[in-house]
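Visitor: Read top to bottom, the protein sequences are chains A and B.
Using our numbering, read the first sequence as starting at 58 and increasing by one per residue.
Using our numbering, read the second sequence as starting at 585 and increasing by one per residue.
Read the hints as simulated data drawn from the structure, not as lab findings.
Be a bit skeptical, because a hint or two may be false.
DSSO-like mimics (lysine-lysine), calculated; alpha carbons at most 27 Å apart, straight line [unchecked claim]:
1) B:823 <-> B:834
2) B:647 <-> A:216
3) B:692 <-> A:216
4) A:301 <-> B:686
5) A:200 <-> B:598
Note that the structure is a prediction, hence the values are computed from the model and not measured.
Listed below, chain by chain, are the residues.
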Amino acid sequence: MKPNVLAKKIGFYALIIIAWQGIDSAEIWPDNIFPSPFEVVEDLAYGISDASLFFGIGTSLLRLIIGLGIAIAGGLVLGIFMARVETVNQTIGSLVLGLQSIPSIAWVPLAILWFGLTDTGIIFVTAIGAIFAVTINTYTGVKNINPSYIEAARNMGAKEGQLIITVLIPAAFPYIISGFKQGWAFAWRGVIGAELLFSFLGLGFLLNVGRQLNDVSQVIAIMIVIMGIGILTEGLVFKKIEDKVMTRWGLR
Amino acid sequence: MGKLEAKNIEKYFKHDGKQLKTLDGINLNVNDGEFVCIVGTSGCGKSTFLRTIAGLETPDSGKILLDGQPLSDTGPDRIMVFQEGALFPWLNVQDNVEYGLKVAGIPKEKRNEISHRYLDMMQLTQFATSYTYQLSTGMKQRVAIARALVMEPDVLLMDEPFAALDPQTRDLLLVEMQLIWQKTKKTIIFVTHNVAEAVVLGTRVLVFSHRPAKIKKEVEIDYQRPRLTDDENLLPYQKKILAELRPEVKK
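Looking at chain A on its own, in the form it has when it is part of the complex (with noise of 0.2 Å):
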């Protein structure tokens, strides 16, 4: 990052926790409904002295990796077969997008009367809630590929099999990486959500143990985590990938 991009967000961030400082002095709200950076801040250090924070993140992002996970493969099988199969296409496909106006939370019912209060509840509904971007996107992806880079490898020798290993996969990862990123938001949404409801460990938990404790600064405190953990993995993971796709396949 350039200096100056770097010294502007520091200092809308600075202002931000400066405006919020000023609000809490100003005492029109009290303390229990409005608390100060500093409470949250203490509540962060409290939540990683005792290792609860970092139980908690490491919670939720496991069943985010496997729910992912699942919803990567599956979404990556979904989609290709959709794009080569028109059949597959005009059945599963106009479900899937019916599947996809679904709220992710909206499969916590069901996966509890399925699941019960379980890890697997949680992932089943991580996995379902990111499954439909990725397979759309897939789709989209394999649909739109230059048909020569297909008659080549084909022309080359290449079967079915390898075709989708060697040409439609890579050829569609444009896409398919927008479908991981959406994935990736969705099943992070469907993970907070789902122990939310579930109320069994991980962030969404202990952010209902701070609703049920009258504790508005540890609600702030894991929103804050939430927060981070998106800010970081968009950053560090799914931008860097992003770049070098866009320059390699020469879309930028």
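Chain A is already provided as a structure; the job is to place chain B on it using the hints.
Guide: Frame of chain A; chain B shown alone:
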């Protein structure tokens, strides 16, 4: 019997609900080691004919024979060089060149050995690890040619591979293409709309009529190599071909 034979190839395309005849009973006999150029106006059907030989299009009637054997599908015995190269941007130059060998299951060491030979022939050795976005159009076409040559096809099919090049790069590649042909003794069928290009490259030039495509005229070109585009002795051939093409443009 020729190396490659096309027998009475007919092809129709649907256009506005009507069957539009594109290839009108084309008969062609290409001998082993011949360099056949096909010229025709844009959209005359010459590329469709080449794609039919490659097996990328199925003829509505007629058949393609290689060494007397009828062909139905696309196969590595007939490798196509596409107009825009169709190189894979996710692979570097060397991996692009080795693609066909890899899907054929040839072990890595052997692949490297073969690809280095052709990278060297196409003067691409120093670009082996470059990606396509780092290459000029001319370089890309060199890679596309190398990628086709490693397959050691019986017939090399080239679909206007130099159409997008600037004149200087094109002239250079026209000379190199002749040297490659002399060195590898490949049978080549080369489609172009550029008459000068066809005359420089071909041992025989076929003039296609405009839709439906038919072989209108054949011109044998028996002249020393490497030929240059500005060689005045080639002008009579060009004029002869242009005289055949001119009425087709107006169609």
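Visitor: Which of the numbered hints above does this structure break?
Guide: Per hint list: zero violations.
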